[in-house]
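Line by line, the protein sequences are chains D and S.
Just so we're aligned: 168 in this note's numbering is position 168 of the first sequence, and the numbers increase by one with no gaps anywhere.
Positions in the second sequence are counted from 1; adding 1000 to them yields this note's numbering.
Watch out, some of these pointers could steer you wrong.
[What the hints assert, rightly or not] Here are the simulated PhoX-like cross-link-like pairs (lysine-lysine), alpha carbons at most 20 Å apart as the crow flies:
#1 D:K6 with D:K29
#2 S:K1054 with D:K37
#3 S:K1075 with D:K29
#4 D:K33 with S:K1071
#5 S:K1079 with D:K314
#6 D:K314 with S:K1075
#7 D:K321 with S:K1031
#8 D:K210 with S:K1079
#9 D:K29 with S:K1079
#10 S:K1054 with D:K34
#11 S:K1079 with D:K317
#12 D:K33 with S:K1075
#13 D:K230 with S:K1093
#14 S:K1093 with D:K321
#15 S:K1079 with D:K28
#16 D:K28 with S:K1031
#17 D:K34 with S:K1031
#18 D:K314 with S:K1097
Note that these hints are calculated values from the structure, not bench results.
Values in this document were obtained by computation on a predicted structure and should not be read as measured data.
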Amino acid sequence: MPKRDKPLVLLEEFRVKNAPEDYGMADKKWNFKKFVKGFSIDIKRMENSEMEFDLIGIQPAFANAFRRLMLSEVPSMAIEKVMIKNNTSIIQDEVLAHRLGLIPLKADPRLFEYRPEDATEGTEFDTLEFTLKVKCTANTAQSKDSYRTEDLYINHSVYSSQIKWHPIGNQASVYKEADVGSVHDNILISKMRPGHELDLHLVAVKGIGKDHAKFSPVATASYRLLPEIKLTREVSGSQATLLQSCFSPGVIGLGPDGKAFVRDARYDTCSRNVYRYDEIKDAVILSRVRDHFIFNVESVGAMSPNIIFVEAVKILKDKCKSLLDELNKF
Amino acid sequence: MLSLAGDDESSLTCRTYIFQDESHTLGNALKCIISRYEDVQFCGYTVPHPAEAKMHFRIQTYETPALEILKRGLKDLEKVCDHTVNLFESEVKEFCKS
Chain D
1 MPKRDKPLVL LEEFRVKNAP EDYGMADKKW NFKKFVKGFS IDIKRMENSE
51 MEFDLIGIQP AFANAFRRLM LSEVPSMAIE KVMIKNNTSI IQDEVLAHRL
101 GLIPLKADPR LFEYRPEDAT EGTEFDTLEF TLKVKCTANT AQSKDSYRTE
151 DLYINHSVYS SQIKWHPIGN QASVYKEADV GSVHDNILIS KMRPGHELDL
201 HLVAVKGIGK DHAKFSPVAT ASYRLLPEIK LTREVSGSQA TLLQSCFSPG
251 VIGLGPDGKA FVRDARYDTC SRNVYRYDEI KDAVILSRVR DHFIFNVESV
301 GAMSPNIIFV EAVKILKDKC KSLLDELNKF
Chain S
1001 MLSLAGDDES SLTCRTYIFQ DESHTLGNAL KCIISRYEDV QFCGYTVPHP
1051 AEAKMHFRIQ TYETPALEIL KRGLKDLEKV CDHTVNLFES EVKEFCKS
């Protein structure tokens, strides 16, 4: 990667200050070619539900827009309506319905449409239907003298795995049961005792996080700026170990000659602990790179995080497009 | 979705646009582009009340009509999005390969 001028914010002992030669990114005239040239993406880590990547050389306004879009405007499916035919458990109807709404579903929201506001009946294109029918009874088969609930009762805990999917219309041939149900099988919904019964009809629809947090496809989506630490003089011996203890593990390394060096500032918490020690506080310059955003996206389970990010950016694009179409009618 | 506030008397270079159902997400990103255009004197946005899903977007220019500037801004933001998606997807592909 070519070397570039990094705009820095200096984290001093009592204040946060922009570097003196940095006149702020907002002053530069807009130029798309320059933006493309200065912008790069670096993927650091990508697992099934978690991802870490860097957006380098981008305006904070864009980075924040992407973050906000992931949280509140990328759609996902969640249980929205609960028809309660019978609920004799101790958990109240409305609390139960709320709990059910928060269960993450595996269904891919891109394959569904939004349900029209005036629709009373769901169609196969915008609705998923489930039932949850559980009855708790005493376990008559148990012979040994045990007081453990799992020996005494049958169905004393209701888990998300007991939610059953009922395909409507053509859904059975399009989706498999494993593609639409709960992401986790072991979410405890309610606890029951003999005589308690649940008989529920659940309706899941597509929605966005702006409407209710249960529709948000991410558990977290956040960014932070890349820390940068510079040593201004040689630090060795006991001062070096003291310096090391002021930062997160792995940030400061000790050379074979006992001299401290900056190994990797990326995962530092920027705690500014160094400023507590007069003997070493002159040895470091703490800063963050103002246009280097480290994104952390953690998916709830329906879509992988890289798809969530792409969807978020596409939503911003679609917003611009529809507004432009509207403006061109003026 | 989009309407004009009552500033018809002033010249075409000064306008406040009201975006329905938009917020800081679009407002700030768009402001970030438009305020850095050559001919723009002032550009700012506000969400006047948190309970109302409205975003006011003000553009004042020296010569170019504000509407033209707004269109240009939206086009540029679209280009930024396109570039981001393309770059991100190619980086993901690269990452999966290694």
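What's the verdict on K1079 (chain S) and K28 (chain D), does the C-alpha distance respect the 20 Å limit or exceed it? holds, 18 Å
Given pair status - K1031 (chain S), K321 (chain D), alpha carbons within 20 Å: The given pair, whose Cα atoms are some 17 Å apart, holds under the 20 Å limit.
Has the given pair, K1075 (chain S) with K29 (chain D), been kept, meaning a C-alpha gap of at most 20 Å? With Cα atoms ~16 Å apart, K1075 (chain S) and K29 (chain D) stay inside 20 Å; holds.
Hinted pair, alpha-carbon criterion (20 Å max): K1054 (chain S), K37 (chain D). Please report holds or violated. violated, 34 Å
Would you check the hint for K314 (chain D) and K1097 (chain S), treating anything up to 20 Å between C-alpha atoms as holding? violated, 24 Å
Would the hint linking K210 (chain D) and K1079 (chain S) be met if the CA-CA limit is 20 Å? Violated - the C-alpha atoms of K1079 (chain S) and K210 (chain D) are around 25 Å apart, more than 20 Å.
Regarding the pair K29 (chain D) and K1079 (chain S), is the alpha-carbon distance no greater than 20 Å? Holds. K29 (chain D) to K1079 (chain S) sits at ~16 Å (cutoff 20 Å).
For the pair supplied as a hint, K33 (chain D) and K1075 (chain S), confirm whether the alpha-carbon distance does not exceed 20 Å. holds, 14 Å
Given the proposed pairing of K1079 (chain S) with K317 (chain D), does the C-alpha separation stay at or below 20 Å? holds, 8 Å
Regarding the pair K34 (chain D) and K1031 (chain S), is the alpha-carbon distance no greater than 20 Å? Holds: K34 (chain D) and K1031 (chain S) sit about 18 Å apart, inside 20 Å.
Pairwise hint evaluation, K29 (chain D) against K6 (chain D), where the allowed Cα distance is 20 Å at most: OK: K6 (chain D) and K29 (chain D) at ~18 Å, within 20 Å.
Checking one constraint from the list: CA of K33 (chain D) to CA of K1071 (chain S), max 20 Å. Satisfied? Status holds; Cα separation ~19 Å.
Comparing the model with each earlier hint shows violations of hints 2, 8, 10, 13, 14, 18; every other hint is respected.
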